[in-house]
Amino acid sequence: MPKDGGIGASTKRREDIRFLTGNGNYTDDINLRGQAYVHFLRSDVAHGRLNKVDTGDAEGMPGVLRIFTGKDFEGVGGLPCGWQVTDRFGEVMQEPGHPVLAQGKVRHVGDPIAAVVAETYAQARDAAEAIVLDIEELPAVVDMKAALKEGAPKVHDELKSNLCYDWGFVEENKAAVDEAFAKAAHVTTLELVNQRLVANPMEPRVAVGDFNRSTGDSTLYTTSQNPHVIRLLMGAFVLGIPEHKLRVVAPDVGGGFGSKIFHYAEEAFCTFAAKALNRPVKWTCSRSEAFMTDAHGRDHVTKIELALDKDNNFIAIRTDTHANMGAYLSTFAPSVPTWLHGTLMAGNYKTPLIYVNVKAVFTNTVPVDAYRGAGRPEATFQLERVIDKAARELGVDPIALRRQNFITEFPYATPVAVEYDTGDYHATMDKLEEIADFKGFAARRKASEAKGRLRGLGINCYIEACGIAPSNLVGQLGARAGLYESATVRVNATGGLVVMTGSHSHGQGHETSFAQVVAEMIGIDASMVEIVHGDTANTPMGMGTYGSRSIAVGGSAMVRATEKIINKAKRIAAHLMEASEADIELKDGQFSVAGTDKSVAWGDVTLAAYVPHNYPLAEVEPGLEETAFYDPSNFTYPAGAYACEVEVDPETGRVTIERFAAADDFGNIINPMIVSGQVHGGIGQGIGQALLESCVYDENGQLQTGSYMDYAMPRADDVPFYRVDHSCQTPCTHNPLGVKGCGEAGAIGSPPAVVNAVIDALQSVGKNVTHIDMPLSPSRVWQAMQG
Amino acid sequence: MYAFDIERPATIADAIKALGSGETQALGGGQTLIPTLKQRLAAPERLVCLSGIKEMQGICTADDGALCIGGGTTHATVAAGAGAYPALAALAGHIGDPAVRNRGTIGGSLANNDPSACYPAAALGSGAVVITSNREIAADDFFQGMFTTALEDGEIITEVRFPVPEKASYQKFEQPASRFALVGVFVAKYGTGVRVAVTGASEGGVFRWSEAEAALSSNFAPGALKGLALSADGMISDLHGSGAYRAHLAGVMTRRAVAAAG
Numbered sequence: 001m002p003k004d005g006g007i008g009a010s011t012k013r014r015e016d017i018r019f020l021t022g023n024g025n026y027t028d029d030i031n032l033r034g035q036a037y038v039h040f041l042r043s044d045v046a047h048g049r050l051n052k053v054d055t056g057d058a059e060g061m062p063g064v065l066r067i068f069t070g071k072d073f074e075g076v077g078g079l080p081c082g083w084q085v086t087d088r089f090g091e092v093m094q095e096p097g098h099p100v101l102a103q104g105k106v107r108h109v110g111d112p113i114a115a116v117v118a119e120t121y122a123q124a125r126d127a128a129e130a131i132v133l134d135i136e137e138l139p140a141v142v143d144m145k146a147a148l149k150e151g152a153p154k155v156h157d158e159l160k161s162n163l164c165y166d167w168g169f170v171e172e173n174k175a176a177v178d179e180a181f182a183k184a185a186h187v188t189t190l191e192l193v194n195q196r197l198v199a200n201p202m203e204p205r206v207a208v209g210d211f212n213r214s215t216g217d218s219t220l221y222t223t224s225q226n227p228h229v230i231r232l233l234m235g236a237f238v239l240g241i242p243e244h245k246l247r248v249v250a251p252d253v254g255g256g257f258g259s260k261i262f263h264y265a266e267e268a269f270c271t272f273a274a275k276a277l278n279r280p281v282k283w284t285c286s287r288s289e290a291f292m293t294d295a296h297g298r299d300h301v302t303k304i305e306l307a308l309d310k311d312n313n314f315i316a317i318r319t320d321t322h323a324n325m326g327a328y329l330s331t332f333a334p335s336v337p338t339w340l341h342g343t344l345m346a347g348n349y350k351t352p353l354i355y356v357n358v359k360a361v362f363t364n365t366v367p368v369d370a371y372r373g374a375g376r377p378e379a380t381f382q383l384e385r386v387i388d389k390a391a392r393e394l395g396v397d398p399i400a401l402r403r404q405n406f407i408t409e410f411p412y413a414t415p416v417a418v419e420y421d422t423g424d425y426h427a428t429m430d431k432l433e434e435i436a437d438f439k440g441f442a443a444r445r446k447a448s449e450a451k452g453r454l455r456g457l458g459i460n461c462y463i464e465a466c467g468i469a470p471s472n473l474v475g476q477l478g479a480r481a482g483l484y485e486s487a488t489v490r491v492n493a494t495g496g497l498v499v500m501t502g503s504h505s506h507g508q509g510h511e512t513s514f515a516q517v518v519a520e521m522i523g524i525d526a527s528m529v530e531i532v533h534g535d536t537a538n539t540p541m542g543m544g545t546y547g548s549r550s551i552a553v554g555g556s557a558m559v560r561a562t563e564k565i566i567n568k569a570k571r572i573a574a575h576l577m578e579a580s581e582a583d584i585e586l587k588d589g590q591f592s593v594a595g596t597d598k599s600v601a602w603g604d605v606t607l608a609a610y611v612p613h614n615y616p617l618a619e620v621e622p623g624l625e626e627t628a629f630y631d632p633s634n635f636t637y638p639a640g641a642y643a644c645e646v647e648v649d650p651e652t653g654r655v656t657i658e659r660f661a662a663a664d665d666f667g668n669i670i671n672p673m674i675v676s677g678q679v680h681g682g683i684g685q686g687i688g689q690a691l692l693e694s695c696v697y698d699e700n701g702q703l704q705t706g707s708y709m710d711y712a713m714p715r716a717d718d719v720p721f722y723r724v725d726h727s728c729q730t731p732c733t734h735n736p737l738g739v740k741g742c743g744e745a746g747a748i749g750s751p752p753a754v755v756n757a758v759i760d761a762l763q764s765v766g767k768n769v770t771h772i773d774m775p776l777s778p779s780r781v782w783q784a785m786q787g
Numbered sequence: 001m002y003a004f005d006i007e008r009p010a011t012i013a014d015a016i017k018a019l020g021s022g023e024t025q026a027l028g029g030g031q032t033l034i035p036t037l038k039q040r041l042a043a044p045e046r047l048v049c050l051s052g053i054k055e056m057q058g059i060c061t062a063d064d065g066a067l068c069i070g071g072g073t074t075h076a077t078v079a080a081g082a083g084a085y086p087a088l089a090a091l092a093g094h095i096g097d098p099a100v101r102n103r104g105t106i107g108g109s110l111a112n113n114d115p116s117a118c119y120p121a122a123a124l125g126s127g128a129v130v131i132t133s134n135r136e137i138a139a140d141d142f143f144q145g146m147f148t149t150a151l152e153d154g155e156i157i158t159e160v161r162f163p164v165p166e167k168a169s170y171q172k173f174e175q176p177a178s179r180f181a182l183v184g185v186f187v188a189k190y191g192t193g194v195r196v197a198v199t200g201a202s203e204g205g206v207f208r209w210s211e212a213e214a215a216l217s218s219n220f221a222p223g224a225l226k227g228l229a230l231s232a233d234g235m236i237s238d239l240h241g242s243g244a245y246r247a248h249l250a251g252v253m254t255r256r257a258v259a260a261a262g
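Chains as they are written, first to last, in the UniProt record's numbering: chain A, 1 to 787; chain B, 1 to 262.
Simulated from the structure, these hints should not be mistaken for lab results. Small disclaimer: the values here were computed from a predicted structure and weren't measured. Possibly wrong hints are sitting among the right ones.
Residues from chain A that face chain B, not an exhaustive set, calculated with beta carbons under 8 Å [to be verified]: (1) GLU651; (2) THR652; (3) VAL696; (4) TYR708; (5) MET709; (6) ASP710; (7) ALA712; (8) SER779; (9) TRP782.
Subject to a maximum C-alpha distance of 20 Å in a straight line, what follows is the list of computed SDA-like cross-link-like pairs (lysine to any residue) [unchecked claim]: (10) B:LYS38 - A:GLN123; (11) A:LYS154 - A:VAL92; (12) B:LYS38 - A:CYS285; (13) A:LYS451 - B:ALA259; (14) B:LYS38 - A:ARG42; (15) B:LYS17 - B:ASP5; (16) B:LYS17 - B:ARG46.
Take a look, some chain B residues computed to stay more than 12 Å from chain A by CB distance [claimed, not checked]: (17) THR11; (18) LYS38; (19) SER178.
All C-beta atoms, glycine included, are put in the ideal place defined by N, C-alpha and C.
With the sequences and hints as input, model every part of the structure.
What follows is the structure, given as structure tokens:
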């Protein structure tokens, strides 16, 4: 049994006490003296030429302090893109400007045109209604394939076309892949849509800009997953404020799921306006605004082909994907359909030849960027659906077909540029067969039939790449940032510790699990360790939390910093006990001299570090504070196998999830309860994508799903109790904790299982349905059954 | 939301007086009106809040056995207190979520006549009488199309009288996002015949399915509906389902309602 508060213990989340008692400190809880409020006047057309923005009447409205338009941001930088993709012909992607407020044109419904700052929010909103706009509406491009046609309206007049890039991966393999298809015994083809989603974190975005006239310092309070990244991007690329004059604070954040990684116009605006007006300026996003301004996720249209030999071995995969970028390039948008998607197309299988083509397209829609899983759910969905389809076409068991093609030897270099360090895919599949009770399925199907329902069983595997990322590698791939992580461990005189991490917790429970690691390493109670995050003024430069990287990268930095602390403490302990440093052992918070009964407590050593009366001052500095930066040498590769059982009501098409099981390999586990929680949440979002969620634009670029009346979020009664297991553990070989990351697995691994289950249910009664695009809403399933 | 004044009358008479002057709007439970105001899609100068009027609250039984529900009675109160009409109580108990049921009122719902709301199906399916501040209106005359009713300006629903049927059931197929009725069917069997009211489906709002009523009046069994189908013409077609799907669902929900009514 692990010690409570140590590694492996399901320690209850300490942060939940403040969240559950209403004592969290979210950005909207921050109200500064003299604060003014901004309301953004946003475009209600998808595409238009902005002939005139007449603010004359509005400026005289009660309470108005100033109205800003695109003109005020001429000479100010645009919102930067953090990743440059090079296309299959060696050309860099087309990269349009992204002004803070629209200049010349509006390019999606929700594009900000003017910003009214007033004494109250209602006054700002009233004045915004008095602004007179002259917009010449232009034809909108919404459909990606139509956007690429000759003569299609251009989202950005200055670009050659609406094509951002045409990426081929691995381009050198293309001819060999085509050759393999030509000689394949069987080819399975599937065309599918991975639909556009809206992240919908519980807390909408908020930004409060502040300017201190006496110091000349700017501060931005914002709902961010990575305050240092916002400081870097906004300071260096938009507003020209050096880091030492700019502080970014992301306090308690109520969920992000990727949508709070990116640097948004409203953040830059509030920081800019606070200085211009010499008053704090606050923006609180409404839910309606969130639907049309938060970066959306997914939105791929894909054709995938799988080639098999006569023995059902996978010999090649070829994919053709159109990926929607929306109207502008959001911060990491170009990386999602490329390096976070193409590199995962091998999945869990030893397919020797793979070619991925991705055309990224500009349209008059909200920008699309990373959303829980980011590229990996898209890869997993198409691969696991096409394998299931192949199994049905070949009349073989879908599990057997997968097992036959599993990678079994590690490390394994895939044909798509990554090397899996460890894994055991048979083990997770074995575990899945056990926890999902496949043996009992036939009886359960019979029971469903008796109720007039069709029961289906769907399974899939997944692999993902977490712990982004080795900086030198991603630099070669076009990243304009490093992706290390940092930690400072500050030990106080009486023995308590503060760990300042560059990671950011917005629901993940870092304050609990990170403390467990440090407590275990030193052998002290976890209550002696405090985790601090979210403020650039008191944390070392770090890249934040996304891509399931926090424990693998941020946790590793923390381990390195703690190791430095322990090494130094041992030197001090050696001095105190007049022993050789090499003989000092640390156990349960006691330093002892090996082979003797001499010992000093952790607190004695920390006190000596700060009250260095009896101290080796000539050799060791006083104090006990260390910083480490950790840059991983590889990604980590969590993997698993998921199973879903559904019932379909054949009369209405309604699908209900009856059972769901997940067997994951996350390597070593710090807090099993938190890991289960992450998997539960991820599966909930995956089921949301599979059955409910869809962001829909009409042909004019009007958002048809702009509220919860039409955008279906999963509710508690849409999901069953899950069976999750993470006892299969092949520890990561290249980070000190042997951890892999668990934040996105559920969202990546669950959609194909759900769809495979529904197809199984329909085919069980002879319906020739081979695919239904998500979400599998009742009307879509019913429609498919009519064919 | 724009600024507005609000009045809180304590009697029906005071409410009518308040509604008679200027640009006013009655506020029931606010489950539609408040979101509309928040979106700035309506700008009444003055709201007249009906929730403080005691004489419009509560449930009782009339001498003829009809269940009388005050226009200001919340869905939660009906769910808990309309045991004499179980199908109606069940319908009320499945509107929205607890927050909606604790604020939303029967009068507000009927006056709004949302084409996807549940209560219009109950009122029409039961042949209820809508009692207003100055008259009685039969349900058959009350609903006049999507968001349109026989109510005149300044007229409020003070009570709804439901004849209690021998058997009844409401079957709702929920729209996945809003969980309003994508299609809801209320079936009620009275000594005088069977009534079938369909909500959620038609561009004309709630309607009676007369062919089904005739078939069920002679044989109150799911099998009696065999061969009957509604046309997709005039059915709502949107993101959540085509007109043909809604027409089909109306048939399924009707059969299920008959089966559930027993």
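Okay, the hints, checked on the actual structure:
With 8 Å as the threshold, the beta carbon of GLU651 (chain A) comes within range of chain B, its nearest partner Cβ sitting at about 5 Å, so the hint holds. Taking 8 Å as the C-beta contact cut-off toward chain B, the hint placing THR652 (chain A) at the interface holds, the least distance being around 6 Å. Taking 8 Å as the C-beta contact cut-off toward chain B, the hint placing VAL696 (chain A) at the interface holds, the least distance being around 6 Å. About 6 Å separates the beta-carbon of TYR708 (chain A) from the nearest beta-carbon of chain B, less than 8 Å, and the hint is met.
The closest approach between the C-beta of MET709 (chain A) and any C-beta of chain B is roughly 4 Å, which is under the 8 Å cut-off, so the hint is satisfied. The interface hint given for ASP710 (chain A) is met, as the beta carbon of that residue sits about 5 Å from the closest beta carbon of chain B, less than 8 Å. Interface restraint check: ALA712 (chain A) against chain B, minimum CB-CB distance 4 Å, threshold 8 Å, status holds. Below 8 Å, beta-carbon pairs count as interface contacts, and SER779 (chain A) has one with chain B at about 4 Å; its hint therefore holds.
Taking 8 Å as the C-beta cut-off, the interface hint given for TRP782 (chain A) holds, the closest approach to chain B being about 6 Å. A distance of roughly 14 Å separates the Cα atoms of LYS38 (chain B) and GLN123 (chain A); the hinted pair therefore holds under the 20 Å criterion. Restraint check for LYS154 (chain A) and VAL92 (chain A): the C-alpha separation of about 19 Å stays at or below 20 Å, so the hint holds. This hinted pair checks out: LYS38 (chain B) and CYS285 (chain A) have alpha carbons roughly 14 Å apart, not beyond 20 Å.
About 14 Å separates the Cα atoms of LYS451 (chain A) and ALA259 (chain B), which keeps this hinted pair within 20 Å; it holds. Taken as a hint, the LYS38 (chain B) and ARG42 (chain A) pair is honoured in the structure, with Cα atoms around 17 Å apart against an allowance of 20 Å. Straight-line distance between C-alpha atoms of LYS17 (chain B) and ASP5 (chain B) comes to about 15 Å, which keeps the hinted pair within the 20 Å bound. With a CA separation close to 13 Å, the supplied pair LYS17 (chain B) and ARG46 (chain B) stays within the 20 Å bound.
Chain A leaves THR11 (chain B) outside its interface by the beta-carbon criterion, the shortest separation being 33 Å against a cut-off of 12 Å. Not every Cβ of chain A is farther than 12 Å from the Cβ of LYS38 (chain B); the closest lies at roughly 8 Å, contradicting the non-interface assignment. At roughly 4 Å from the closest C-beta of chain A, the C-beta of SER178 (chain B) falls inside 12 Å, breaking its exclusion from the interface.
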